[in-house]
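Chain order of the listed sequences is V and S.
First residue of the first sequence: 1, per our numbering; consecutive thereafter.
First residue of the second sequence: 1, per our numbering; consecutive thereafter.
Do not rely on the hints blindly, as some may be mistaken.
Identical copies go unnamed one by one, so any copy, or any two together, can satisfy a pair.
Said to hold, decoys possible - Each computed PhoX-like pair below joins lysine-lysine, with the alpha-carbon atoms no more than 25 Å apart: (1) Lys-483 - Lys-727; (2) Lys-687 - Lys-557; (3) Lys-606 - Lys-622; (4) Lys-649 - Lys-209; (5) Lys-557 - Lys-541; (6) Lys-607 - Lys-548.
If you're looking for bench data, these hints aren't it; they were derived computationally from the structure.
2 protein chains.
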Amino acid sequence: SEIWASRSACLSSPTGHGRQFNIYSTLAPCHFIEMTWKQLSPAAERLRYILGEDDDMPTPTLFTEMDTLQHDGDEMEWKESARWVKFEEKVEEGGERWSKPHVSTLTLHSLFELRTCIQTGSVLLDLEGYSLPQIVDDIVDRQVADGLIGPELREKVSFVLLRKHRHQHKKPIHLSLADMGKSNNSPTSESSGLHHSTEDLRMKNKFMKKIPRDAEASNVLIGEVDFLDKPFVAFVRLAQATTLGGLTEVPVPTRFLFVLLGPHGKGKSYNEIGRAIATLMVDDLFSDVAYKARDRDDLIAGIDEFLDEVIVLPPGEWDPKIRIEPPKKVPSADMRKSVLNLNELGQVNGTGTAGGPGGGEDEEMPIPHELGEELQFTGRFCGGLWLDIKRKVPWILSDFSQGFHIQSISAVLFIYLGCITNAITFGGLLGDATDNYQGVMESFLGTALAGTVFCLLGGQPLIILSSTGPILIFEKLLYEFCKSNTIDYMELRLWIGLHSCLQCLILVATDASYIIKYITRFTEEGFSSLISFIFISDAIKKMVGSFKYYPINRVFKPDYVTTYRCECIAPDQAAAMAFNVSVPLADDNMTDLYNITGLDWSQLSKKECVKYGGALLGNACKYVPDLALISFILFFGTYSMTVSLKKFKTSRYFPTKCRSLVGDFSIIISILVFCGIDYLLGLDTPKLLHKYVCVFAVPALLVTILIFMDQQISAVIVNRKENKLKKGCGYHLDLFWVGILMAVCSFLGLPWYVAATVISIAHIDSLKMESESSAPGEQPQFLGVREQRLTGILVFVLTGVSIFLAPVLQYIPMPVLYGVFLYMGVASLAGIQFWERIKLYLMPAKHQPDFSFLRHVPLRRVHLFTLVQIICLAVLWTLKSTVAAIIFPVMILGLMVVRKMMDLMFSQHDLAWLDDILPEKDKKKEKDGKKKKDHKRTKAAEPESDEEPKSPLPPPVKIPMDTIDLPSAPDPSVTPPTQPPV
Amino acid sequence: SEIWASRSACLSSPTGHGRQFNIYSTLAPCHFIEMTWKQLSPAAERLRYILGEDDDMPTPTLFTEMDTLQHDGDEMEWKESARWVKFEEKVEEGGERWSKPHVSTLTLHSLFELRTCIQTGSVLLDLEGYSLPQIVDDIVDRQVADGLIGPELREKVSFVLLRKHRHQHKKPIHLSLADMGKSNNSPTSESSGLHHSTEDLRMKNKFMKKIPRDAEASNVLIGEVDFLDKPFVAFVRLAQATTLGGLTEVPVPTRFLFVLLGPHGKGKSYNEIGRAIATLMVDDLFSDVAYKARDRDDLIAGIDEFLDEVIVLPPGEWDPKIRIEPPKKVPSADMRKSVLNLNELGQVNGTGTAGGPGGGEDEEMPIPHELGEELQFTGRFCGGLWLDIKRKVPWILSDFSQGFHIQSISAVLFIYLGCITNAITFGGLLGDATDNYQGVMESFLGTALAGTVFCLLGGQPLIILSSTGPILIFEKLLYEFCKSNTIDYMELRLWIGLHSCLQCLILVATDASYIIKYITRFTEEGFSSLISFIFISDAIKKMVGSFKYYPINRVFKPDYVTTYRCECIAPDQAAAMAFNVSVPLADDNMTDLYNITGLDWSQLSKKECVKYGGALLGNACKYVPDLALISFILFFGTYSMTVSLKKFKTSRYFPTKCRSLVGDFSIIISILVFCGIDYLLGLDTPKLLHKYVCVFAVPALLVTILIFMDQQISAVIVNRKENKLKKGCGYHLDLFWVGILMAVCSFLGLPWYVAATVISIAHIDSLKMESESSAPGEQPQFLGVREQRLTGILVFVLTGVSIFLAPVLQYIPMPVLYGVFLYMGVASLAGIQFWERIKLYLMPAKHQPDFSFLRHVPLRRVHLFTLVQIICLAVLWTLKSTVAAIIFPVMILGLMVVRKMMDLMFSQHDLAWLDDILPEKDKKKEKDGKKKKDHKRTKAAEPESDEEPKSPLPPPVKIPMDTIDLPSAPDPSVTPPTQPPV
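Just chain V, same shape as in the assembly (with noise of 0.2 Å):
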């Protein structure tokens, strides 16, 4: 093999199993070399031995505790110092309190002295010790038989590591107080005190929840004595872990000891070598090799495996007091276990250390956009919808029963609230924008009815349907195109409603789901930022009218008060004689109210006086008072109290859940904030309307593209493999009840409805299911979602009932809504790349920040591909402000139209960075791969792999406004630093 060939050439041979210290020896010229084939080293090739002995036996995780002797006087005690999960939390001495968990960082020094320790101390495998004065004992003895300490030290050994310890947090009530006492005279530091320790216990029931179940515990103890003139080292495995009375702060149980004594004068060194093996047994790869050694120099050749994996930072470049906050990921242990055992397959070649820090430069692949076999085209007539069903139907059971579950509950509640609140707003909205066709009833009751039917029918139950952003504009739209028109709007949305079913059944017969493919970034962001622009410009529109429609006196001088007045003047008597004949009075009730003739001209209302021909006079009369400017501050105090409350999640005040709540409730919370400021002010502002009265009531394909790709797009979403659903989806399924539900929907009058992501997401996220227990710092880990259809159902259920909510509703302010709908248009901007990539513009390259797609598309080409949506953005915008407004989803279509021309523009590899690959292009995309890797495997020493990525990032969809902005997958190439982690 190459192997043995650069071997071959080396001048003298290797030194064969004497060479222990491999890496570091300079025998030979011909060692750099060898240096580069890790895989060769004794060190790896013993680890692979004893590593590959039983794989399939995993050993428990380890607790680290460190305890260091304390001399008070006469008294020595063992005190905690540090403990390791996975990473290392630092009594602070004086603030006698944990430091946050943080990397370790070591001296290098350190490890060699910890690797000269265990080569020069005893090391005791598998001893039998069931108590720690028969270990200690057992550890005196060796070392006294193997001549590292005289008998005569023996006691004094065994007296010191007898001793007692003392943990943080438990520390016995008197002993604080009496601590207390030294600083401090006030009386009321005893009850503080007190309060302080039943904290304790609670926190420390808290972190045992932190360990695993199965874990157990190495102690290690360091300490400076008097009667040693050289350091006393001991590694102790017990053959069982044992429970050694109070050695741990945790009960569990004691498998690894060691110890470091030694004379007076280096505390800090001993200190280090003791968080140096502390840190390596928490290393996932070093506490296998502990748990399986077999000998002394199987440990040693754990460290120098360790050795050779660890980072290194140059000491001008960090300051070392620095604590480093654990990072979100860390690269699992198992590669460099892989690493052990490829190397006998003789796979990993070349690259040589390419898992250390410098390889590891190489930017990893976006996880591939897959769509999953459920989006395979079948060929057959309702294939897809046929394999749906039979995927979906052994489920059924299993469906409710997994549904009975305590977690289901506060799912429901968070859900339902959810729903209400968009049901609320977008009902509002639908209202506001079709003169109360549809209104906040109707968005109850399809709501309940269409979410209760797809949960009950669909194929993925865990999608909310809901109102979204997209269908409410092209309402809008729609009932704009009837009024120019003088169409029914009832009846055409009628006919729409039926032809789009039609479609959609057609679409799920005929397997189209399959296209969903064809939808790239680019016309995914496209679509979801024109929605987010009229969101905003409507919403401001809407704002700037209130201005229009309740102007403002702003010539009005408070002293002139009496000279403002509008008055009603009876118009001339002819005409008022004229008027009683001609008019038709279309109201009741006008010939109980007055005899005309006889009418106090003076009390009647603006309204009134029109009605009945009187004149209004005055300068008070075109004006309203405060009513703009009060709903400016609902307005814009609705939006800004939704932001901060969002931000507000991750803010550090209150515990996590208190905050989340808020933030998950922000908006909620805000409607209910400013309707209870209009409310005690009592102005009249614009309220809410609603009706009780359902109506009963061939531009078909434009909603069908829109609930199409607004269903299908979100059901992606959903059935992401982040998600480990384990049920499997039925997109056609889906569209299938989506379709049936919209001609119901039209029938009755409802608003239509399609799956809504981020409400949907939080519906996931609320029934997910994660590891008990998580080291400090470290990330808890997911297992899978509680698939089921009971959270649906129930949530819909209630949302059904909720329509008695009705008499609350008037009380909500119209400019609050428009609050709620500024809010969302922009914060469903703030998730898109697009909006990212529009930032760069304003930004200097220096302060960019890192994306991914930066580091590999150069800049000019990231702001050409941005300016080109900008210009596709303004092109739909101008289409959507004529008369075309009402072909706005074909609009879409043409987007990818453009995407596809812009395969012409840019190379598929900065494409691939910034949006999807077209499917066609699988072919032509290998081709290009060959010729690069070709052009590629002729150059040297590139420093960083640049193929392209193997597949696109999961786009960031954000496309159907929901009205909660809940946890949405995050997206590593869109990290946007001041976007609060949702």
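Position chain S against the provided structure of chain V, taking the given hints into account.
Then chain S, alone, in the frame of chain V:
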């Protein structure tokens, strides 16, 4: 010595000079002990020898560039792949841009490989080189001579090494066009390409500024070639730094050259070695070694020293892919050097590797809060003043000559705008508080007068006099006191001013300024918080007041506008007649206007109506529309906009200069914007009033206390060591002039002025001299301040001239100023540690920021301390709200008493971290310290020193609230996470 004693305790003696790898060898058990005595290692001794030789000549800074060999078919070229000034910047291949500067994360592996390279390769020191071909010849000759390569490879190696070099941003235009053509057919690309190139040139010039003028370059060349079967390594130091054609990106002469060529297949590994040597070359200590090395072994010793100091991150706890941002501060290499030198003196003992990460966990003791010899008590009459004058006289000439610098212009403009903003804001508020006894015009005049005199004659001309919060509050309280006790305000003020002046002079004469030492953070914060709260509560009160002043008609229905009116009804005839004779005619014009009996009552304004005894009748009379709400919008808008603009300073958008301009002028921008909005709306909002008449006009102790504290605390902050002032300060002289100006201003009826902290610091900041070049990612070095009187004088002359701004001022609505008022209160709270501690009450322990006092003081003690402060403040607040308000300066003395009593409640250790130690405690503290140390010495292996800070932190004083809230000295212990670094 102790060192030798422990050495002789070893069982076997060390191997002596042959021990090149001492720290990694495993020869003897005693080695472990030896290990911890780093100063004994031969590497260290070697370094001490070569570095000690001529320490007076500093070596140039090194710029390192790494080029890798690229193959493009048959063509080969060297392409720049990374560069180091201090931190690493990498070429993002795809992105065609430089990465952000980051800390180089290396593999330990690559460092050892590098070590082997240096050991086995050719090392050519002090090579006489004038051109690259000649140098390459010499290298190849040496390699052939040493038998490292065969002579047949001579040509090939030379050929490769002489290939042309391509640098990032130095690409010929035709190349970039061709490059672009590959992926781009759009017509826009050419222009963007050209644009890009010019941009590059600009960026290159910018980059040159980052490299010190005397810098030299080290070039690292890394390549894979097919004709070698083992690596070709050479390390070259030229006798003279020489510019070698296009070898280096920037025109910096090359001193070092590292070449590594090797067989194909291990490019990644070579690359890592290249990064390792590049990182070493920019290490301060290693670069010294490289310059002074006499042979190969010196270099190896340098690497060993580096290895000994590196910081190690465990592979399981850190992801090497993460690029680590440069830290704010890196430990200086002097520490490492001094360790090497001190060894000789045997002073570093016991702690061994304490400098490493573990030992480094120790909190750095806060910088002593030194007040300088200027505040020593001389004991002589006017002793301090005399010394101040003596200290200042020699600088008189340079005080003016040093002012002639381009930087002065921007400083003058900047500070002038700050002064104007201050004068307007405080003047407006003062006018509001004193019913315009004092107003904006007085403020302008006074600022100009006092400032000019002070800058001309004061001890510290960098101090800017201005109205400050405490003075404003005092004037307000004084005015209210006068009004309620019917005392003539201006007269009282004059007497207070004169007495206060006298008292100031007495304080000056008696060197009383030294007592400023007794004012600790506790007192300062109490004072400052009280003022802040008064600001906030007053601003809100004013705002609420405007709702009362302009009541909103809450039952107004737009439709019933016809029923709202307010009419002036003539009093009954008899009353009118009575009025005609009895009412004193205050208004001279009145008789001209009307004959009372012939009045058209309906035409009268509200005021006239009331004046002539008419009755106002109607439901509109008591309401004023819109004004309250628009006032609220202006108020809140100004506040929010100021906050946002301040935050904008730390955003990523726009170049830094532009942002800091916006941030610095946030207040004036907000005022202008909202004045503009107000003007456009045209509503009759309450406006700033001012008058042109200067009114020429024995709680003086109160003012004196206030003046004294405000002035001297500001002066202490200005004179802090961090500002590196060279001309000394003059506390007594300063106070002298403040006292004199006090009397003058009182006579002239002008406001009183003292030093304004924030604006003075802004003054210093704008006159800062910084080192011209600082490595990318590194903070520029601060050299000193242009100390002179010219800028200050110019600022105040300009302010005086600005009195002609008067006509513009009437457009400023009061709510806008209230908004600024609110901002000032809130902003000044944000910088106070007390406020940070209050916020801790709301944070769960694990979310609390890593304040250093939290590391050293138990949380319950911190909370208790905060509670005491809260209670004190509550008491102060209550007193302030009663009749005792006027004596509030005395309360500050009360705070000092409370602080004194707290010595009984808290240990000196806790107080040192939370507050400052009182000076009288010096001796007691020493005793305490000793006791602690004795106690400590008996402890072994103390993991972290808990010595109390030698001296407390410099207080983050923000007492005198200036309008311009500019950068103040950062306090290491208070780093609120949300507060943008101003």
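Earlier hints that do not hold, by number: 1
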